[in-house]
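On the provided structure of chain S, position chains C, Y and B as indicated by the hints.
Protein chains in written order, with this note's numbering: chain S, 914 to 1056; chain C, 914 to 1056; chain Y, 914 to 1056; chain B, 914 to 1056.
Quick caveat, the hints were computed from the structure, so don't treat them as lab data.
Pairs count within a copy or across copies, as identical chains cannot be separated in the list.
Mimicking BS3-like on lysine-lysine, the simulated pairs with C-alpha atoms at most 27 Å apart in a straight line are:
#  : residue 1 : residue 2
1  : K1056     : K1039
2  : K1039     : K1026
3  : K1056     : K1023
4  : K1039     : K1023
5  : K1039     : K936
6  : K1056     : K936
7  : K1056     : K960
8  : K1043     : K1023
9  : K936      : K960
10 : K1043     : K960
11 : K960      : K931
12 : K1056     : K916
13 : K931      : K916
14 : K931      : K958
15 : K1056     : K1026
16 : K958      : K936
17 : K1026     : K1043
Spelled out from the first residue to the last, the chains are:
Number of protein chains: 4
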Amino acid sequence: MTKYDARNPAFREYTQHKIDCNKFIEWLEFNITTIEPGYVEGELKFKEMHQQQNGWLHGGITSAILDTVEGYAAYTLVNDGQQVFTAEARASYYNPGIADTFYARGWVDKAGKAFHFCEGELYYLKEGEKVIVAKGSTVMAIK
Amino acid sequence: MTKYDARNPAFREYTQHKIDCNKFIEWLEFNITTIEPGYVEGELKFKEMHQQQNGWLHGGITSAILDTVEGYAAYTLVNDGQQVFTAEARASYYNPGIADTFYARGWVDKAGKAFHFCEGELYYLKEGEKVIVAKGSTVMAIK
Amino acid sequence: MTKYDARNPAFREYTQHKIDCNKFIEWLEFNITTIEPGYVEGELKFKEMHQQQNGWLHGGITSAILDTVEGYAAYTLVNDGQQVFTAEARASYYNPGIADTFYARGWVDKAGKAFHFCEGELYYLKEGEKVIVAKGSTVMAIK
Amino acid sequence: MTKYDARNPAFREYTQHKIDCNKFIEWLEFNITTIEPGYVEGELKFKEMHQQQNGWLHGGITSAILDTVEGYAAYTLVNDGQQVFTAEARASYYNPGIADTFYARGWVDKAGKAFHFCEGELYYLKEGEKVIVAKGSTVMAIK
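So here's chain S without its partners, still in its complex pose (with noise of 0.2 Å):
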């Protein structure tokens, strides 16, 4: 998962503090544990405001989540002062998502100048067995 070197040695204070400056991500309590280089993880307990009509975790939520880890796991991946921007982002339910805690993980499948393609998945244990609720893909512009 960490095939890439990092090109700002502070990448972790970076990514760190487009953590905190970010609202939304504070707001869904969604907290990100882990910060490598091109690589980051995160978990979200599992609350009333985030169902669906079924009681199961929103599928607005799964890609919001999604495209956060991926996005974090792109900024680990940029140049001090850089930008990361969603263009495109792309998830596939795969099952319901049903669990007290969900976890989630995104990476840098590919490292590029002007974009990143990074790709991520949010699951939860069943049995020690991970049961994967969604699998996301993005184009992570650069500027």
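Quick look at chains C, Y and B alone, frame taken from chain S:
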């Protein structure tokens, strides 16, 4: 926008009921204003909790709203008792989201038995002109 | 379809030259008929070599043609000497492709410096009405 | 790659029959070399007719081959008599395709009743290392 007829005479009540059960939309304060066969519209008053790190509308909220209007557009074109689930969702981000109010609309572009192809857009108005923040498309599975 | 102005006064010759260098299009016998700023059209006479297992137009040809018209639409809106590469491509298949002649058109939906968002559709005519076989969208990188 | 069991004991013959009926694959000279439950592999000898304007593998061929291996991977996991149709296909282009031989593999990543989610990749070998030209993912409808 209404090239398809509703399959359920009570499509409006059925869709509205699904919306009322949805905790996430309520929490997001996204307000659905129009429900027609194959077509749904809504609006969002921009608040601090919706911001990403630059103070713009968070891409995750954009994709969540696109998923929402596309999903409820699909709900207007199913039989009573049938459910709609996002199988695949995509969003393309055209312009930064900076406005007091954002509008979103979703429609069924191609209806089927097992799934509907839906499209949507999120935009704001600038001197009366539509500025597209993002366009979406989804495969909505019907069960 | 022509909301953007060409950046290269010789955009038509430049795009045509790129088409002429393309062995695959020639081999496919896809014929580009219109080149306008941000917009390209073409047609394909359906032959046995284009068939998948049911005798319908192969989805791979559909996506190849969508990529082609979207890519050349992008070429009409770059500077002289710049190249266009598909970064991300998507196609949604609406109807089986059964016809003597298929038409395809691609356009730049949102132009940028580092990439263009393009869209396209492949269709045939049935009693004068357009039947959409597939819709496409791409992120076209500019270098 | 074979986490799913075949539903049709004659999955290999069934899939091979579908391949044999496919005029486009034959014409493209793409050769399928492996058929396992939920998994298909093949190769393409690079020829002039496969080139785009820079002499590289045409993106349209790449997406056509990805669609092909993903579609036949899906065919290995359906019942006798069922058909597979691409509903939605996506390809991300990571590296230019310049090689004597390209390899492609597709697999069912998540199997379902109404559709399979498939993934694939097209690559070449450079000093024994895999260089990914493109990654694909599809929603394959089952009828």
